[in-house]
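A.B. asks: Based on the hints, put chain R in the right spot on chain G.
First to last, the protein sequences are chains G and R.
Using my numbering, read the first sequence as starting at 1 and increasing by one per residue.
Using my numbering, read the second sequence as starting at 1001 and increasing by one per residue.
Just so you know, the hints here were simulated from the structure itself, not pulled from any lab data.
This structure is a prediction, so every number in the text was calculated from the model and none was measured.
Among these hints, one or two may not hold up.
[Claimed, not checked] The calculated EDC-like cross-link candidates involving lysine to aspartate or glutamate, where the alpha carbons are at most 20 Å apart (straight line), are:
{"no.": "1", "chain 1": "G", "residue 1": "92", "chain 2": "R", "residue 2": "1232"}
{"no.": "2", "chain 1": "G", "residue 1": "113", "chain 2": "G", "residue 2": "128"}
{"no.": "3", "chain 1": "G", "residue 1": "92", "chain 2": "R", "residue 2": "1265"}
{"no.": "4", "chain 1": "G", "residue 1": "92", "chain 2": "G", "residue 2": "194"}
{"no.": "5", "chain 1": "G", "residue 1": "147", "chain 2": "G", "residue 2": "172"}
{"no.": "6", "chain 1": "G", "residue 1": "148", "chain 2": "G", "residue 2": "138"}
{"no.": "7", "chain 1": "G", "residue 1": "113", "chain 2": "R", "residue 2": "1265"}
{"no.": "8", "chain 1": "G", "residue 1": "147", "chain 2": "G", "residue 2": "120"}
{"no.": "9", "chain 1": "G", "residue 1": "92", "chain 2": "G", "residue 2": "120"}
{"no.": "10", "chain 1": "R", "residue 1": "1176", "chain 2": "R", "residue 2": "1263"}
{"no.": "11", "chain 1": "G", "residue 1": "113", "chain 2": "R", "residue 2": "1263"}
{"no.": "12", "chain 1": "G", "residue 1": "92", "chain 2": "G", "residue 2": "172"}
[Claimed, not checked] Label-pair distances were calculated between CB atoms; the ranges are:
{"no.": "13", "chain 1": "G", "residue 1": "58", "chain 2": "R", "residue 2": "1127", "range": "39 to 47 Å"}
{"no.": "14", "chain 1": "G", "residue 1": "89", "chain 2": "R", "residue 2": "1347", "range": "52 to 60 Å"}
{"no.": "15", "chain 1": "G", "residue 1": "45", "chain 2": "R", "residue 2": "1258", "range": "35 to 43 Å"}
{"no.": "16", "chain 1": "R", "residue 1": "1129", "chain 2": "G", "residue 2": "143", "range": "53 to 61 Å"}
{"no.": "17", "chain 1": "G", "residue 1": "143", "chain 2": "R", "residue 2": "1204", "range": "45 to 53 Å"}
{"no.": "18", "chain 1": "R", "residue 1": "1122", "chain 2": "G", "residue 2": "126", "range": "53 to 61 Å"}
{"no.": "19", "chain 1": "R", "residue 1": "1258", "chain 2": "G", "residue 2": "260", "range": "42 to 50 Å"}
{"no.": "20", "chain 1": "R", "residue 1": "1125", "chain 2": "G", "residue 2": "58", "range": "34 to 42 Å"}
{"no.": "21", "chain 1": "G", "residue 1": "184", "chain 2": "R", "residue 2": "1125", "range": "47 to 55 Å"}
{"no.": "22", "chain 1": "G", "residue 1": "85", "chain 2": "R", "residue 2": "1279", "range": "25 to 33 Å"}
{"no.": "23", "chain 1": "R", "residue 1": "1120", "chain 2": "G", "residue 2": "89", "range": "36 to 44 Å"}
[What the hints assert, rightly or not] Anything over 10 Å on all C-beta distances counts as not near chain G; from chain R, calculated:
{"no.": "24", "residue": "1004"}
{"no.": "25", "residue": "1156"}
{"no.": "26", "residue": "1262"}
{"no.": "27", "residue": "1272"}
Here a beta-carbon is modelled for each residue, glycine too, at the ideal position from N, C-alpha and C.
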Amino acid sequence: MLDKMAATSRPTERATTQVVSARKLSLTFETNDGPVHALSNVDLDIGKGEFVSFIGPSGCGKTTFLRVIADLEQPSSGEISVNGMSPGEARKARAYGYVFQAAGLFPWRTIEKNIALPLEIMDYSAAERAERVRSTLELVNLTGFEKKYPWQLSGGMQQRASIARALAFDADLLLMDEPFGALDEIVRDHLNDELLKLWARTNKTICFVTHSIPEAVYLSTRIVVMSPRPGRVTDVIESTLPAERPLDIRESPEFLEIAHRVREGLRAGHSYED
Amino acid sequence: MSNVLRDWQSSAALVLALLSIVLPLTDAGSVGLKAVLVLLVITAAVAAIAVRAGLLLVVILFVGAHLAAWLLLQSLGGKTGMAGPSYYFLLAAAWLLAWRLVTVLSALKIDNRAGDLAIRLGIPLLFGIWVLILWEAIVRGAGVPFVLLPPPSAIAARIAGSVSTLAADVNQTIVKAVLIGYALGCTAGFAAAILADRFGFLRRGLLPIGNMVSALPIIGVAPIMVMWFGFDWPSKAAVVVIMTFFPMLVNTVTGLAASGHMERDLMRTYAAGYWQTLASLRLPAAMPFIFNALKINSTLALIGAIVAEFFGTPVVGMGFRISTEVGRMNIDMVWAEIAVAALAGSVFYGVIALLERVVTFWHPSIRGG
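Isolated chain G, as found in the complex (with noise of 0.2 Å):
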């Protein structure tokens, strides 16, 4: 796992190292109520160290898309290679860190004990899980609060202590599903701004899931629009925004141009009209 760390490293092997390689995906889930494709066609490489935005109306299959990638799906027909493995071979090399809606923190655990939780079940000695647990929480901006329950935090706090769990093994590739989707406008624009930073540390390739548009803007190198019934990919833009972002580049004609076009795209997806 150290090693991988190494490789992600060297910024010459983003665009020739596909961590994510999909052609063809489809999903159905069968409904009382009929069939409902979830996903439909979808074709997408994601390279080494980009930050990937998923945006979308509910229903889009943003979420299925990263489920599947996690292995949590099974995809009904077409391809998808996650490190170059299946996703269920890439689960079980734990290949990624998940971050799901809400934090979803053990209320039995402290916050170090939760960010422990991979780390006990991967079978890292005492030793590696304390220092990593430090490590983490540090990157996370936490640092103080291991002792403390989860209930004993705020959303945000909660929040930045699940990125610190699924950071902790160390895997290369972090799949976040509308992590700040439950938190307010003021928290989440300053978990967006430590995000950024977090990725740049840690050359991470990340997928990330929203349907904020801002937020989508602000983070990513490339934006996936998705429009639902039946879910597929109708745009992807590449940002053209420098690597230091910050917050208030999102008053930039830069920025609200790209954001115009991520509007423009969800338009074509005819996502407004539910």
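C.D. replies: Chain R only, in chain G's frame:
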């Protein structure tokens, strides 16, 4: 005037005390004792109305109510069934003062933890004491036949006089039958729940059958257990096992399903195995349910073991004692066993409830929020 209305218990006590001046206390009561009683209740009631609040009020009410109750019981002497109208009036007056005392204590705000704890324990204690006082005073005052309902003092005397018999019965019924049966039944129910969770065919096959076992009437099962396991405690423990098995099975199965989808997905992203997920997520999440079963079973086990002894037992045990002493009209011994069983059951339940607070400290129902 508003004070008189607000403190209506003391006001009513005052009226009752004034009324009892003209009525007889007991058929052969002393006038002096009655005068002291009336004066005591009037003083306490007037003082309570005047003082209104605070620790002084608590002291006045406490002393007034309990001293009056004690004097009333003294006024009966050794005789029963001799109480006159003013005996009941003064008893009611003392009880009203005690009522006022509990009301004042409940409203009292104390900053330090020890005082708060004392009040939290004191209020139910006062309630319990007054149940006993009223029981004692009415049974003795009205001369209720001993066989129907003995006074608490007689039951207490019987408990004090039969410590060795009671200890032997507790050892036979609670230490052996209840605790062993409880431990076996709860463990078996828990293990069956884990197996049913692990293997789908067991879940489909075992749960309905477990349901049927729980519906077995204990009255029917107990004699059969005696045939199988003999007269001594193992047959009673077997009844307890049957009674405690199913609540534990059902609660654990429900508890194992209590963890959220997201948390289980999370464990899956770690490629955690079945047993890892069980130990780290599903069992901790199931703990509130498991403790529910442990609490339900603590009372079921006691009932089961005592009732099972009605169907054949060596000449020791709480159920045996109750059934034979009823036949001998030794009702105070029956009550003594009941009191001991209630105490043992409360301690048993209390220990488990305490353990629950320690283990599931994180649950909103316990951390309060």
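A.B. asks: If a hint holds in the structure, say so; if it doesn't, say that too.
C.D. replies: Structure-based check of each hint:
Only pairs whose Cα atoms come within 20 Å are accepted, and residue 92 (chain G) paired with residue 1232 (chain R) is rejected, the gap being roughly 55 Å. At most 20 Å may separate the alpha-carbon atoms for a hinted pair to count; residue 113 (chain G) and residue 128 (chain G) meet this at roughly 13 Å. As the CA atoms of residue 92 (chain G) and residue 1265 (chain R) are separated by approximately 13 Å, the hinted pair is consistent with the 20 Å bound. At roughly 29 Å between alpha-carbon atoms, residue 92 (chain G) and residue 194 (chain G) are farther apart than 20 Å, so this suggested pair is violated.
The straight-line distance between the Cα atoms of residue 147 (chain G) and residue 172 (chain G) is roughly 28 Å, outside the 20 Å bound, and the hint therefore fails. Note on residue 148 (chain G) and residue 138 (chain G): the hinted pairing holds, with a Cα-Cα distance of about 15 Å set against a maximum of 20 Å. Under the criterion of a C-alpha separation no larger than 20 Å, the hint pairing residue 113 (chain G) with residue 1265 (chain R) is consistent with the structure, at around 19 Å. Annotation: proposed proximity of residue 147 (chain G) to residue 120 (chain G) holds, straight-line Cα distance about 17 Å (limit 20 Å).
Note on residue 92 (chain G) and residue 120 (chain G): the hinted pairing holds, with a Cα-Cα distance of about 15 Å set against a maximum of 20 Å. Under the criterion of a C-alpha separation no larger than 20 Å, the hint pairing residue 1176 (chain R) with residue 1263 (chain R) is inconsistent with the structure, at around 41 Å. The straight-line distance between the Cα atoms of residue 113 (chain G) and residue 1263 (chain R) is roughly 15 Å, inside the 20 Å bound, and the hint therefore holds. Between the alpha carbons of residue 92 (chain G) and residue 172 (chain G) the distance comes to roughly 14 Å, so the proposed pair stays at or under 20 Å and holds.
Range check, residue 58 (chain G) to residue 1127 (chain R): about 56 Å between beta-carbon atoms, so the 39 to 47 Å window is missed. In this structure the supplied range 52 to 60 Å holds for residue 89 (chain G) paired with residue 1347 (chain R), their Cβ-Cβ distance being about 56 Å. At about 41 Å, the beta-carbon gap between residue 45 (chain G) and residue 1258 (chain R) stays in the expected band of 35 to 43 Å. Between residue 1129 (chain R) and residue 143 (chain G) the beta carbon distance is about 54 Å. The supplied range of 53 to 61 Å therefore holds.
Range check, residue 143 (chain G) to residue 1204 (chain R): Cβ separation about 50 Å, and the 45 to 53 Å hint holds. Residue 1122 (chain R) and residue 126 (chain G) have their C-beta atoms about 48 Å apart, which leaves the hinted 53 to 61 Å range violated. Checking the proposed 42 to 50 Å range against residue 1258 (chain R) and residue 260 (chain G) shows it holds: the Cβ atoms sit about 47 Å from each other. One distance hint, 34 to 42 Å for the beta-carbon pair residue 1125 (chain R) and residue 58 (chain G), is violated here, with the actual separation near 58 Å.
Range check, residue 184 (chain G) to residue 1125 (chain R): about 49 Å between beta-carbon atoms, so the 47 to 55 Å window is met. At about 28 Å, the beta-carbon gap between residue 85 (chain G) and residue 1279 (chain R) stays in the expected band of 25 to 33 Å. Distance hint check: the CB atoms of residue 1120 (chain R) and residue 89 (chain G) are about 58 Å apart, inconsistent with the given range 36 to 44 Å. The beta carbon of residue 1004 (chain R) sits about 49 Å from the closest Cβ of chain G, which is more than 10 Å, so the claim that it is off the interface holds.
Taking the minimum C-beta to C-beta distance to chain G, about 44 Å, the non-interface status of residue 1156 (chain R) holds against the 10 Å cut. The claim that residue 1262 (chain R) lies off the interface is violated: its Cβ sits roughly 5 Å from the closest Cβ of chain G, which falls inside the 10 Å cut-off. With 10 Å as the threshold on Cβ separation, the claim that residue 1272 (chain R) sits away from chain G is violated: the shortest Cβ distance comes to roughly 5 Å.
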